[in-house]
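**Q** Residue-level listing of the chains:
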Amino acid sequence: MVKLSDDERAMLDGRDGAAVQKAMELLVRYADALGAEDFVYTNNVAGVPGSSPQWVKEYYAADGGDYRAVFSRFDLDSDEVVDVPRMNAFSCHLQGGMDPSMWQEQGMTEQAFANFQQDEAEVAAHGIQVLKTCTPYLAGNVPVMGEHCAWMESSAVVFCNSVIGGRTNCEGRESTSAAMLANRIPNFGFHRDEYRKGQHRVRVDVPVDSIFEWGMLGYFTGGAVEDTIPVLDGAISEQSLIRHKHFGAAAASSGGVEMYHMVGITPEAPSMEAAFGGAARGETFIYGPEERRAVYERLNSIGSSTDVDYVMLGCPHYSIEQIAEAARLIEGRKVNANAELWIFTSRAVKATAEASGYGDIFRAAGAKLMTDTCSAISQAVPKGTRVAALDSAKQVHYLPAMMGIEGWYGTTAECIDAACSGKWRGSLR
Amino acid sequence: MATVDVREPDIVIRGRKVVGGVVEGEALVTQQTISGWGGVNPMKGEVIESHHELRGQSFAGKILVFPGAKGSSGWSGVFHMTRLTDKAPLGMLFNITTTKAALGAVVLRVPTLTDFDIDPLDHIETGDRVRIDADKGEVLVWKKSV
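Those protein sequences? They're chains A and B, same order as listed.
To convert, note that position 144 of the first sequence is 144 in my numbering; the numbers rise steadily by one, no gaps.
To convert, note that position 14 of the second sequence is 14 in my numbering; the numbers rise steadily by one, no gaps.
Chain A on its own, in the form it takes in the complex (with noise of 0.2 Å):
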């Protein structure tokens, strides 16, 4: 069993309360399955805390229905109902279910968003940050190297990892409400030096040096390596944190990538040997011109017509940088009539995007600037749809297929011409 220190074993025994008891049971359980030998501390902890739709609510009528039961029995697992208080630990919530006030234009019923405001409050009124992106980085929860934190969202997870030198698990919903309280998370995995070693090289032989050209270098990587972590040098430039947002995003999505190393650009790869932790090892996978055209066509298997109804972007949730780019690519432009263009980020990057004036640019185009979630996670799109162009592999991995549609890849420009033309006219260069 895995081994608690005196505080832990406090907590266990119900020092702190009911509730933090509860969690403290639910992480032990979650530890020795993992195999853990103890815990680290946490204090930066970022999930989906109670918000439940409404069958889930109905489901536990009997312990009363509302966030109180559905913390208590789904989120902390507990076979009794606790008093739920504020959260302990610095405590986030990560996406949403629909934009807080296009939600109609989502198609969402009264009863949903009414549900939607009640789990809200809760969340607020339990100490937790309503940041509602999948983007905590880009709205006021930026990790330091080193930094132990438990969060949810794969590409937010990479993004930890790799980018910044945070340690986190691809942790779930249930292990990120008990941190919450606990302040705790099993020893395991990315918390640990030994783990976070390469394990297989991908030789990049082509230039890389675009937000498109990452996110397809992301997605070949993913497919390669799996849910292993690649090492990859050869011609990668011009590093942004945008670049390396769609790059993780898709290697997360294509195989399940939750770490990588790029030798001389990331924290942990200064050197192939230091990113290996010694010798290289593995296999070594070569992205090269013709593994870039194969990338390019996996992506765009899915889309025969090239009359585009609807235009997604902001997957992972837009930064700021790339709302002005949108802004300026669209300035003076009109969506078609026959064609919608949803762009989604975060309310604190939407909050700037309105100071900045590009909320005025979107609304004269006929675009909407929405929250809190995307067009997988709300599975809403404009009604009608059937065709989609989009400028994130990792969308294209995962929405066509939930929403039975055809979907395009292709380049932010290409996107936007789409939207204002409805037709598709992309290709690779």
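What the hints contain is simulated information worked out from the structure, not anything from laboratory work.
What you are looking at is a predicted structure, and each value in this text was computed from that prediction instead of being measured.
Virtual Cβ for every residue (Gly too), placed ideally from N, Cα, C.
Among the hints, a few may not be true.
Stretch-level coverage of chain B by chain A, calculated; a stretch enters the list once three of its residues show a Cβ under 8 Å from a Cβ in chain A [said to hold, decoys possible]:
hint, region
1, 74-80
2, 97-110
Label-pair distances were calculated between CB atoms; the ranges are [to be verified]:
hint, chain 1, residue 1, chain 2, residue 2, range
3, B, 146, A, 109, 51 to 59 Å
4, B, 84, A, 147, 32 to 40 Å
5, A, 86, B, 10, 52 to 60 Å
6, B, 56, A, 293, 31 to 39 Å
7, B, 119, A, 363, 55 to 63 Å
8, A, 277, B, 43, 43 to 51 Å
9, A, 85, B, 119, 43 to 51 Å
10, B, 53, A, 386, 26 to 34 Å
11, A, 114, B, 11, 52 to 60 Å
12, A, 428, B, 146, 53 to 61 Å
13, A, 277, B, 53, 32 to 40 Å
We have chain A already, so just place chain B on it with the hints.
**A** Frame of chain A, contents of chain B only:
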């Protein structure tokens, strides 16, 4: 739980307990890792991922034998929901211990083992009768073909 087989098991596999308990049922085996969110419909306990070899099949009431979990961090939440909808697997055997699979097994509360002496994917086929005694760290297999 009474066993219908009076004969000795054909295979005995030993592993490490993830979640304790004893259960017996029919195996559903896949050589492919499983996605939770976006890969399983929790209302039916059914695999929905495109191109997955189990696509369209339900693991409800079966012993799910698979290499491990992949995909979204929503894995545990989706499998947890199958407990609410009565579509949960009866027990699980997986090879690769990840946070997703371990947490999923914990909140499913079904007998689960990992870290085996011999690979269950080489020895158990869909339809075989399997008894998991997770507390003892033991899997008994009766081949359907014998």
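**Q** Each hint should be assessed against the structure and marked as holding or not.
**A** Each hint tested on the structure:
Judged by the Cβ-Cβ criterion of 8 Å, the region 74-80 of chain B is covered by chain A as claimed, because 5 of its residues qualify and three suffice. A stretch counts as covered by a chain when three or more of its residues have a beta carbon under 8 Å from one of that chain; for the region 97-110 of chain B and chain A the count is 11, and the coverage holds. About 54 Å separates the C-beta atoms of residue 146 of chain B and residue 109 of chain A, a value consistent with the hinted range of 51 to 59 Å. Between residue 84 of chain B and residue 147 of chain A the beta carbons are some 34 Å apart, a value that agrees with the proposed interval 32 to 40 Å.
Take residue 86 of chain A and residue 10 of chain B: their Cβ atoms lie about 55 Å apart, and the range 52 to 60 Å holds. Between residue 56 of chain B and residue 293 of chain A, the C-beta spacing of about 32 Å keeps the proposed range 31 to 39 Å intact. At roughly 58 Å, the beta carbons of residue 119 of chain B and residue 363 of chain A sit within the given window of 55 to 63 Å. At roughly 44 Å, the beta-carbon separation of residue 277 of chain A and residue 43 of chain B lies within the given 43 to 51 Å, and the hint holds.
For residue 85 of chain A and residue 119 of chain B, the hinted distance range of 43 to 51 Å is satisfied, since their beta carbons lie about 46 Å from each other. In this structure the supplied range 26 to 34 Å holds for residue 53 of chain B paired with residue 386 of chain A, their Cβ-Cβ distance being about 29 Å. Roughly 54 Å separates the CB atoms of residue 114 of chain A and residue 11 of chain B, a value that falls within the hinted 52 to 60 Å. For residue 428 of chain A paired with residue 146 of chain B, a C-beta distance near 54 Å keeps the hint of 53 to 61 Å intact.
Residue 277 of chain A and residue 53 of chain B have their C-beta atoms about 35 Å apart, which keeps the hinted 32 to 40 Å range intact.
Of the numbered hints given earlier, the model fails none.
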